[in-house]
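With the hints in hand, could you dock these two chains into one complex?
Line order of the protein sequences matches chains A and B. All the letters of the first sequence, read from the start, carry residue numbers 1 to 89 under the working numbering. All the letters of the second sequence, read from the start, carry residue numbers 90 to 323 under the working numbering.
DEER-style ranges, computed between Cβ atoms:
no., chain 1, residue 1, chain 2, residue 2, range
1, A, Glu56, B, Ala258, 55 to 65 angstroms
2, A, Lys43, B, Thr241, 21 to 31 angstroms
3, B, Tyr144, A, Arg40, 15 to 25 angstroms
4, A, Glu50, B, Asp211, 45 to 55 angstroms
5, B, Asp259, A, Lys43, 35 to 45 angstroms
6, B, Asn126, A, Met1, 30 to 40 angstroms
7, A, Leu37, B, Arg220, 43 to 53 angstroms
List time: in silico DMTMM-like cross-link candidates among lysine to aspartate or glutamate, alpha-carbon distance up to 25 angstroms:
no., chain 1, residue 1, chain 2, residue 2
8, A, Lys11, A, Glu83
9, A, Lys34, B, Asp194
10, A, Lys11, B, Asp238
11, B, Lys314, B, Glu219
12, A, Lys22, B, Asp238
13, A, Lys43, B, Glu232
14, B, Lys91, B, Glu158
15, A, Lys11, A, Glu63
16, A, Lys43, B, Glu199
17, A, Lys11, B, Asp143
18, A, Lys43, A, Glu20
19, A, Lys22, B, Glu199
20, A, Lys22, B, Asp194
21, A, Lys43, B, Asp143
22, B, Lys91, B, Asp281
23, A, Lys11, B, Glu232
24, A, Lys22, B, Asp143
25, A, Lys11, B, Asp194
26, A, Lys11, B, Glu240
27, A, Lys11, A, Asp38
28, A, Lys43, B, Asp238
29, A, Lys22, A, Asp38
30, A, Lys43, B, Asp194
31, A, Lys22, B, Glu232
32, A, Lys22, B, Glu265
Sample of chain A residues with no beta-carbon within 12 angstroms of chain B, all distances over it, derived:
no., residue
33, Met1
34, Leu28
35, Lys34
36, Asp46
37, Asp48
38, Ser53
39, Glu56
Hints are computed from structural coordinates only; laboratory data are not their basis. Note that CB positions come from ideal geometry on N, CA and C, so glycine has one too.
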Amino acid sequence: MNRYRLEIRVKPRSGILDPEGKAIHHALQSLGWKGVLDARVGKAIDLDMEADSPEEAVKIADEMCRRLLANPVTEDYEIGTPETMEGAS
Amino acid sequence: MKVAVITFPGSNCDYDLYKAVQRVGGRPEFVWHRERNLTDMDVVMLPGGFSYGDYLRAGAIARMSPVMEDVIAFAGGGGPVLGICNGFQILCEAGLLPGALVRNDTLRFESRDVRVRVERKDTLFTSEYERGQVLRMPIAHGEGNYVADSETLRALEGEGRIVFRYVDADGAPTPEANPNGSAHNIAGLMNDGGNVVGMMPHPERATEAILGSTDGLGLFTSLAKHLSPSAASG
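Chain B extracted, bound-state conformation (with noise of 0.2 angstroms):
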């Protein structure tokens, strides 16, 4: 599985993925915004971070950096392709997802860990996962609040797109366990083909015990088994 770990300037989460990519026998490589070749990439990560300071509005200037033409011709030729945090505002932002994360509405930074329910199975992200099994991992993030218009949001909803939400320790999708104010505590979603998902919290952080969860591993094995079976067995 070569994976493509896309570094913009203000990016800070990209060789967490790198390592988190490599952990599963991935073979990650920093693809700079500047360039353009994602020939040969088997899945592309937009890594978390603070591109371009969020001027303007998180991910707004690095959706227009060179190499997004190439990611939505990735994602668009059927590609995987990751957003994590920064990484989600970015694929919002160049419409491969559908809607925008503004704010937090307790106007307030929020890093600490999250609960997260895994939503779908059958994706190429989630398929270590059990449907409704509660993951650990965290947030840091001032901008994670997700909107998007009640008819978009009923589309996501109906046609099952909703790939994490927040949860309680109960598994139950509460105001309070909603750190950020998304609608319908959505924490991650996917385009309409199944193969772009964006995410608040952040999996790459929680795929070390030292780290103090090892529940993001999933996403990666997931992938790792579809795109390089051998590696992922091994």
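Next up, chain A with everything else stripped away, as it sits in the complex (with noise of 0.2 angstroms):
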């Protein structure tokens, strides 16, 4: 068993209103950045995990983000590169 620390993003979907981003994007403007197009708000999980191999580790992820870490109706995730953690055993 290696040791791995992978990163996951959960994002609202297109198309799923983000108020939370849109107050972002105002805030944003009404500070001068008049340039920002726009603004999302999601989530990031940062996760300390077991597993075989990184491909493995992404694997767990995944099946971890289907089962409970995003809402399928609402979100979208991506799960980052696992990065090996000292302490293998």
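Below is the structure:
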């Protein structure tokens, strides 16, 4: 078993209203950043996990996203490249 | 009518539901989310609140509670299940109802009375109302904005599975009457079997005149009439 750290990013699906992103977009514009065209807010989940290989770590994370971390009705997710951590056993 | 009121850490309408069930002659029983016993129950109700602090997504963690496997089995066997507010969010997360509830388009927590129109009379939950009847009951939520893909919305409309819709005083489902941005002004809907209903407004908080409205009572009398006819008529 190796230890990996990976980042999962969960974002509102395109087409789903993202009022929080919209509010931030407006706030940035009112601060003078007129060039901001859109802002979307999601969440990042950092996971430290054990797996046999980076591929397996991604496979497990993908199942976690489908079962719990993202709602397929409203959210998309991306799984980052696993980073090997010290302390592999 | 024996009613399981499922309680999660963070439920806060469980006692209101308990009282509402008692009011119509039903026998409520609290069932803690770790318990696994729904045998003998006639109805299962999931109360409002903020289970697990709404962490991750409203209802997402509660959906993983041990009792939810039994709720899914109970619903699968045709048992009536009612989810109110957070209970509705949990039912969507559990896949017992389609779609999802996201942040209100107002960006605010909406806590006030709204009007909803009864869209169906021929359900276990609404038989004591009239179709088109406008009810007043409170909402109190930050994530009540119902979303679903267009195919799902078409099916819900086509199959008449929308049970309650946000409306104005004249009973019209206008954008102004929609407190949270819900698609098609949906305030409550049911599964294709008609035995699982989820709704954002709180009928249990509109069951006594002292609370400002008794319009929510019909939901409980409807259930009682179907499930314990002698108690309801007494």
